[in-house]
Structures are given as structure tokens and as C-alpha cells.
Amino acid sequence: MKNLHTAIGLLVSVMSFGAIAADDNVQIKPPAAGSVSQQQGLLAWSRIFDVASHPRCANCHTGPSDRPMWSGPSYGKTRVHGMNIQAGKSRIGAETILCSTCHTNKSEDWDKANTVNHAAPRVAMSWQLAPEDAFWFGRTTQQICEQLRNPETNGNRDALEIAEHLNHDLILHWAWAPGGNREPAPYSLQEHVNDILAWGVAGTPCPED
Amino acid sequence: MKVSHMEITVNDQTYSVDVEPEMPLLWVLRDELGITGPKYGCGIAQCGACTVHVNGYAVRSCQLAVGDLGSSKVSTIEGLGTPDSLHVVQESWIEHQVAQCGYCQSGQIMQAASLLSTNPNPSDDQIDAAMSGNLCRCGTYPRIKAAVKSAAKKLQGS
Ligand code: FES
Ligand code: FES
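Protein chains in written order, with the numbering used here: chain A, 18 to 226; chain E, 542 to 699.
The reader is advised that the hints may include incorrect statements.
[What the hints assert, rightly or not] Ranges between beta-carbon positions, derived for each pair: (1) E:Ser664 - A:Arg96: 20 to 28 Å; (2) E:Arg678 - A:Pro168: 47 to 55 Å; (3) A:Gly197 - E:Val558: 25 to 33 Å; (4) E:Gly622 - A:Gln207: 49 to 57 Å; (5) E:Gly611 - A:Asp67: 34 to 42 Å; (6) A:Pro168 - E:Thr577: 48 to 56 Å; (7) A:Arg174 - E:Asp559: 42 to 50 Å; (8) A:Ser82 - E:Thr550: 36 to 44 Å; (9) E:Val558 - A:Pro168: 24 to 32 Å; (10) E:Gly622 - A:Pro203: 34 to 42 Å; (11) A:Pro201 - E:Lys543: 25 to 33 Å; (12) A:Leu177 - E:Pro683: 51 to 59 Å.
[To be verified] In silico DSSO-like cross-links for lysine-lysine, where the CA-CA straight-line distance does not exceed 27 Å: (13) A:Lys123 - A:Lys106; (14) A:Lys123 - E:Lys686; (15) E:Lys686 - A:Lys106.
Everything labelled a hint here was simulated from the structure, so no lab data went into it.
None of the values given here were measured: they were computed from a predicted structure.
Using N, Cα and C, we set each Cβ at its ideal position, and we do this for glycine too.
Just need the whole structure built from these sequences, with the hints factored in.
Okay, here's the thing in C-alpha cells:
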């Protein structure tokens, strides 16, 4: 078991350099302090929830389950990822089969990379499940809101750092350009980043506060 | 996309190819280099017949654009072992006489070898999870599982 953990640790560190190159088109411009009311912040949150709970995002934010989900026109309803896929503690499948076995790494963005229906989508970083703490699949707006504003469960980030994380992690950009017949996440990446920033300036309000 | 000249390393040999960078590695291996161990089954990551190793890890070669390889090293079933010095997975495959028609088997063996390189003593569930993306129309699954377990035992030295 020790060997396995050493191998997985090595593998995760070898693969994690894949997170590269921010999208130059995304602007990180927080509104001025005090310029966003709590009500406006809650409106921004409701749109953030639309994104977080959308299958393009929630299907890989499965929390304690290491099983990614599938949904969309081809599946009728949401179901567990086929092929008995288990992302494991590593979240990249290192214990069994790496996500990148099929979701291969692209060296850069090029047109038509994800246009083939039913093929595994690809991005220019290692495919993976979100960390366990970032548990969104089937969760309420209040639960997701509390997870996202708590530094202990959000990777120790404030809203500005969450926005920057959205800009840098290319796997997240895929949600808005999933290709094939997959439905993209709502709004746009820029609008989502703007909402995160506004929500932060409003003091990260949650609906049941 | 335009044809590019590139060098790729397969089974420790360097090859020069003039192909479109978005050509799947499987096409380059089979049609450009004549390395036909990896098989075409589906072309969409659903069957595992095309599995090769890239830097030692299993990858569906139908899904990897050759232009995305960079300096990574590719190994196919042809480079896994030699007749005189078989890979432990190949030895176990022979002991268990796993293959039936054989079409899926190079992919199965490459997947199993990749699993055992990161997890030398997998549980039954881990073997099932690792091998579930490799389909076998002949239904050799029980023999595949037995062979993976024997290979793991050999790696444990018993
Ligand atoms: S041919 Fe590549 S997975 Fe089927
Ligand atoms: S042995 Fe025939 S498909 Fe697997």
C-alpha cells in the first residue's frame, strides 16, 4: 500500500504541471469595495448556483463519491459514468485507471478537439474530479454557497482567488465550450467570473443568511 | 491543418513522420509506421483496443493527437517484452491462455501493465475498475482477471 501511495503521489505531482496558460480573454476586475449591495450579491449568487449545479460542472463535483456522472441528450437522464470509472482519492484515477487514459491532454487549444459525439472530451490539462470538499452534485444552493465561501472547504481562497482559479484552470473553461452535442454551462465564463467577483464584494451572502 | 514534419519515439526508436498534427496517434502507428499491435475498435475511447503507453501510462491512442505528444515516449505491445524476455503480464497471459480471437488483447495487456506499474498489488475491485474500459467481444474477462492477479503475485515475489 505504501508503494501505491508513493506512486500516486509521484504521479499527481508529475501530472499537476498541466494547469497552464490563463484565458487572456477573461478580465478579472472586481467592482469597487462597497459598490455591491447584499441583494445584488444574492442575485449574483443565484446565477453562480445556476452554473455550479449545471451538469457540465456538478457532474465532476461529486464530493465523497469518486464516481463522475454523465448526463445530456445522449443519456436521457443523469447516470454514473460508464466503464466503472473510479477517480479514487487521487481524483485523477491513479489507483485504477487515469482519467487521462481517455481524456487525453491536449498541448494547446485547437478547433474541433471536442466535436466528436461520445468521444472523451479533452483539455490542455489533466482531466480530473474536483476535490472532495467541493461537493456540488445534488446539493442545495445554501450548501454549495457555504462550501464556496468557506476557506476551509474552498482551497483557502477569497472570492478574488476563486475568480483567478476559474481563469487559470482550463478544465473549468471546457464547461462553456464542451463540444459535441453537450449543453454548455449557462451564461459565459466572463459573466460567471464577474458574478463571483460581485458576490465577493457583497460579502459572499448565502440565501439563508 | 497543414502537414508537419515531426519526430516521435516509439519503442525506443525515433521515427520521422510528415502528418497533420491532429492525426490520432493510432493512425500514425498503424498507417505511417506499420506498427499494428494497437488495434482500431471504435475510435472514440469506448473500447480500449488501441491502448498504448505514453511515458509508461496507458492511453487510448485513438484519442491522442500526434501533435500533442511533444517529447513523450510511446510504447506499444511490440515494445513491452521480447520473446526471450517477456513482460510479467505477457507471461501470465500465456499461462492463463487468455486470448480467444485476440483482437482486444494488446489493449488489455497494455492496460494491465499500466495498472501494475502504479499499483503492483491491486484489489479485485481495482482490477475491475482499471480493466472495465477494455472490451472483449469474446468474453475473456474471467481469464483476464485471473492473469492480472497472477502477474501481481509474481510482482510480489510469490
Ligand atoms: S479504438 Fe481507441 S478506444 Fe476504441
Ligand atoms: S479475445 Fe476476441 S475480442 Fe477479446
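Here's how the hints hold up against the structure:
no., hint, in the structure
1, E:Ser664 - A:Arg96: 20 to 28 Å, "holds (25 Å)"
2, E:Arg678 - A:Pro168: 47 to 55 Å, "holds (51 Å)"
3, A:Gly197 - E:Val558: 25 to 33 Å, "holds (28 Å)"
4, E:Gly622 - A:Gln207: 49 to 57 Å, "holds (52 Å)"
5, E:Gly611 - A:Asp67: 34 to 42 Å, "holds (38 Å)"
6, A:Pro168 - E:Thr577: 48 to 56 Å, "holds (54 Å)"
7, A:Arg174 - E:Asp559: 42 to 50 Å, "holds (47 Å)"
8, A:Ser82 - E:Thr550: 36 to 44 Å, "holds (39 Å)"
9, E:Val558 - A:Pro168: 24 to 32 Å, "violated (50 Å)"
10, E:Gly622 - A:Pro203: 34 to 42 Å, "violated (51 Å)"
11, A:Pro201 - E:Lys543: 25 to 33 Å, "holds (30 Å)"
12, A:Leu177 - E:Pro683: 51 to 59 Å, "holds (55 Å)"
13, A:Lys123 - A:Lys106, "holds (24 Å)"
14, A:Lys123 - E:Lys686, "violated (32 Å)"
15, E:Lys686 - A:Lys106, "holds (23 Å)"
Violated hints, in rising order: 9, 10 and 14; the structure is consistent with all others.
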